[in-house]
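Given chain L, put chain G in place with the hints provided.
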Amino acid sequence: MKYRLLAGGSVLVLAAALSACSSPSDSAGGDGRTTVDVWLMRDSVSDAFQKEFTADFEKRHPTIDVKVQIQEWDGIGQKVTAALAGNDAPDVIEVGNTQVAQFAQSGGLLDLTDRTDELNGEDWLSGLAEPGAYEGRQYGIPYYAANRVVVYRTDLFEQAGVDAAAIRTREQWTDATAQLDKGGTQGIYLPGQMWYTLAGFIWDEGGDLAAESGGTWSGALDTPEALRGMAFYKELQALGKGPKDSDEDDPPQAEVMAQGQAAQIISTPGGANVVVEKNPGLKGKLAFFPIPGKTADTPGAVFTGGSDLVVPAAAGHPEEAVTFIKELTGDTWQKKLAVAMSYVPNRTSLASAVAGDPGAAAMAAGAANGRATPNTPGWAAVEAENPIKDYMTAVLTGGDPEKEAAQASQDITRAMNADS
Amino acid sequence: MPVAEKRTAARAPRWRPDTRPTARPARPAGAGGRRASRLWPYALVAPAVGGMLYLLVYPLARAVLISLQDFRLRQLISGDAEFVGLRNYRTLLSDPRFWEVVQRTFLFMALNVFLIMVIATLVALMVERLRRIGRTVVLCSLVLAWAMPVVAATTVFQWLFHSEFGIVNQTLTSLGLTSFDRYPWFANGTASFVILVTLIVWQSVPFAAITLYSALTTVPLELYESARLDGAGAGRIFRSVTFPVLRPIFLLVLSLEVIWTFKAFVQIWVMTRGGPGDATTILPVYAVQTALSSQRYDLGSAASMITVVLMSGVLVLYFRQMFRQEDESR
Numbered sequence: 001m002k003y004r005l006l007a008g009g010s011v012l013v014l015a016a017a018l019s020a021c022s023s024p025s026d027s028a029g030g031d032g033r034t035t036v037d038v039w040l041m042r043d044s045v046s047d048a049f050q051k052e053f054t055a056d057f058e059k060r061h062p063t064i065d066v067k068v069q070i071q072e073w074d075g076i077g078q079k080v081t082a083a084l085a086g087n088d089a090p091d092v093i094e095v096g097n098t099q100v101a102q103f104a105q106s107g108g109l110l111d112l113t114d115r116t117d118e119l120n121g122e123d124w125l126s127g128l129a130e131p132g133a134y135e136g137r138q139y140g141i142p143y144y145a146a147n148r149v150v151v152y153r154t155d156l157f158e159q160a161g162v163d164a165a166a167i168r169t170r171e172q173w174t175d176a177t178a179q180l181d182k183g184g185t186q187g188i189y190l191p192g193q194m195w196y197t198l199a200g201f202i203w204d205e206g207g208d209l210a211a212e213s214g215g216t217w218s219g220a221l222d223t224p225e226a227l228r229g230m231a232f233y234k235e236l237q238a239l240g241k242g243p244k245d246s247d248e249d250d251p252p253q254a255e256v257m258a259q260g261q262a263a264q265i266i267s268t269p270g271g272a273n274v275v276v277e278k279n280p281g282l283k284g285k286l287a288f289f290p291i292p293g294k295t296a297d298t299p300g301a302v303f304t305g306g307s308d309l310v311v312p313a314a315a316g317h318p319e320e321a322v323t324f325i326k327e328l329t330g331d332t333w334q335k336k337l338a339v340a341m342s343y344v345p346n347r348t349s350l351a352s353a354v355a356g357d358p359g360a361a362a363m364a365a366g367a368a369n370g371r372a373t374p375n376t377p378g379w380a381a382v383e384a385e386n387p388i389k390d391y392m393t394a395v396l397t398g399g400d401p402e403k404e405a406a407q408a409s410q411d412i413t414r415a416m417n418a419d420s
Numbered sequence: 421m422p423v424a425e426k427r428t429a430a431r432a433p434r435w436r437p438d439t440r441p442t443a444r445p446a447r448p449a450g451a452g453g454r455r456a457s458r459l460w461p462y463a464l465v466a467p468a469v470g471g472m473l474y475l476l477v478y479p480l481a482r483a484v485l486i487s488l489q490d491f492r493l494r495q496l497i498s499g500d501a502e503f504v505g506l507r508n509y510r511t512l513l514s515d516p517r518f519w520e521v522v523q524r525t526f527l528f529m530a531l532n533v534f535l536i537m538v539i540a541t542l543v544a545l546m547v548e549r550l551r552r553i554g555r556t557v558v559l560c561s562l563v564l565a566w567a568m569p570v571v572a573a574t575t576v577f578q579w580l581f582h583s584e585f586g587i588v589n590q591t592l593t594s595l596g597l598t599s600f601d602r603y604p605w606f607a608n609g610t611a612s613f614v615i616l617v618t619l620i621v622w623q624s625v626p627f628a629a630i631t632l633y634s635a636l637t638t639v640p641l642e643l644y645e646s647a648r649l650d651g652a653g654a655g656r657i658f659r660s661v662t663f664p665v666l667r668p669i670f671l672l673v674l675s676l677e678v679i680w681t682f683k684a685f686v687q688i689w690v691m692t693r694g695g696p697g698d699a700t701t702i703l704p705v706y707a708v709q710t711a712l713s714s715q716r717y718d719l720g721s722a723a724s725m726i727t728v729v730l731m732s733g734v735l736v737l738y739f740r741q742m743f744r745q746e747d748e749s750r
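Protein sequence lines, in the order shown, are assigned to chains L and G.
Heads up, the first sequence is in this note's numbering, so the first residue is 1 and it goes up one at a time.
Heads up, the second sequence is in this note's numbering, so the first residue is 421 and it goes up one at a time.
One should not assume that every hint holds.
Stated by the list, open to error - Derived, one-sided and incomplete: chain G residues facing chain L with beta-carbon distance under 7 Å:
#, residue
1, Leu493
2, Ile497
3, Ser583
4, Glu584
5, Pro604
6, Phe606
7, Leu712
8, Ser714
Keep in mind the hints are simulated off the structure, nothing from the lab.
By construction, the Cβ of each residue, glycine as well, lies at the ideal position given by its N, Cα and C atoms.
Same shape as in the complex, but just chain L:
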């Protein structure tokens, strides 16, 4: 009975294969070790930092293994949603500060209110702590913050005879940029859909992306203040060859700058590391200044970006997850992270860690005037659809600003209230 033997054999193989599949997930193996699954975002940590941190963590917590997966920002909202709804959620997830509110509200995250003391909750950056809270309970733990500055080429500035230190106002900025925008050089590479930068210009004018009245949010791009912000964006965008129909990720602006023609980009200071990585010839030729404001005494308003760490309610190892968060957001590693990645640490008392870093200094000057996107769960829907990007492209390609702004505001209003 050859066939029966064969069948029996294949069943055995199948059974073995199935049990092999299931073994990694029940991670508390015979040796008493637990694996904590972590999702971090692209550019959140460098390879070197990740290796160093993991090695140190596993040495200090011999019963815990760390498995880090790096996720892409594109489409991350849906991925996190799926993870929270599934049974096999990771134990720790990094979530962008504009997106954390909707997850905090969703009921899919572990309430960490009782742990805020041991996680040094008393001096967290408010731009990260507030979106992570919902109805008085803390779900998101601040991880790091960053805001955008101007990254510029010192050699090109010198050639054009421009003194970067003297640029304190918008006019001085556009004058200098126009002076740089000659021959093969682009004064500034500003893609048409960099809406965080537009938000800063709108805040400078006293406008906002959306406004709340009586508990309802509505888009506010059609206010005179917001229109002035867009007009300035258009003026600046014209001083280079940035594509009008894409954002800073398409193509990645750091790679554009690495090609050598762009004199300035607007980026987090960490972006400069990427430029040098792509083109080592630019090492030592990049420097920073805060985005200029309307007057010399206040720098431009900037969007405070950053991330929170959350623990899904469905996480298999919540206790180990908190241990992981405690280490990564603790003094030692926050200081190292801030230096390695040019980020703002998650607590105000750690700000001195990056005092010696020129990028961080420019960032700190801007952060004094830092702002956030509307703090409401509905905002994530606006970002997912992003009518602001369409609006910017429409205006930059010759559309009527007032008409386009009215349309975009209407779309923002609809997206923000889709859940009600």
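Chain G only, in chain L's frame:
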């Protein structure tokens, strides 16, 4: 839904219902093994049927269920949702934006199907008249275009029309049309719509053309000959001979193309995500946007259900028309 599914239905089905009673061969019945042997076939198809039920019927039933519930991010995560009857359908049907999307969907479908049918017919007629080498070349190119994966083709089109590096802008500019220097095609609603129609027509013509061509080869040559002897021109021959003979195939291809363009999602999602504004948002895109961007899974499911109903409505109209014509021609 795999696109390949519809592509396998290349042969003309017979629409005449088979009214003869099926003759059952008398089966020699062994006394004991009778029941077992009768159950065997069912046991053998059970895994396939079970798999299909789980993969096709269960999601459909689940979508119907969700469309009747209050189902958002919170319910997705917690797992229990309240029934709200037809509230989601009421919300959708009273939303003017939804009706704009429905209108656009029909415009999109009509335009695509019309172009596909006309171009495919012309290509099929041309191939029939070509000599062997020409025919082989054209058929090979058709098959190659058809074999191109959807996402790959869409990406290629995206690059063709890229504002910065696209060959279309480069060509137009070098021809002296300087206004197309770095022209952002996808920032313009009408342009995006037209590009998508072009892409979908390009992707669909091969299947329709090959099917129509293979049907053309079955038309008896004597019919053409006698028509020509009677002094009929090319147009007349097509109207009076070719089209009537091929009508079942035409209708089949037409309904398949209606289905295919109605649910064209991948191309749009990859290329424009329904933008700019709502310019390329058709029903399937709207459903996904509503469900995933706004976390309104309930409204998204309701929109999908309405899509299914509308699409079936269109098809029922065609089938009724077809059966009527078949009856008349008997």
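Here is what the structure says about each hint:
1. Leu493: holds (4 Å)
2. Ile497: Holds, about 4 Å.
3. Ser583: For serine 583 of chain G, the interface hint holds, since the closest Cβ of chain L sits about 5 Å away, which is under 7 Å.
4. Glu584: Holds - the Cβ of glutamate 584 of chain G comes within 7 Å of chain L, reaching about 5 Å at its closest.
5. Pro604: holds (4 Å)
6. Phe606: holds (6 Å)
7. Leu712: Holds, because the Cβ-Cβ distance from leucine 712 of chain G to chain L comes to roughly 6 Å (cut-off 7 Å).
8. Ser714: At about 4 Å, which falls below the 7 Å cut-off, the nearest Cβ of chain L leaves the hint on serine 714 of chain G intact, so it holds.
Of the hints listed earlier, there is not a single one the structure fails to meet.
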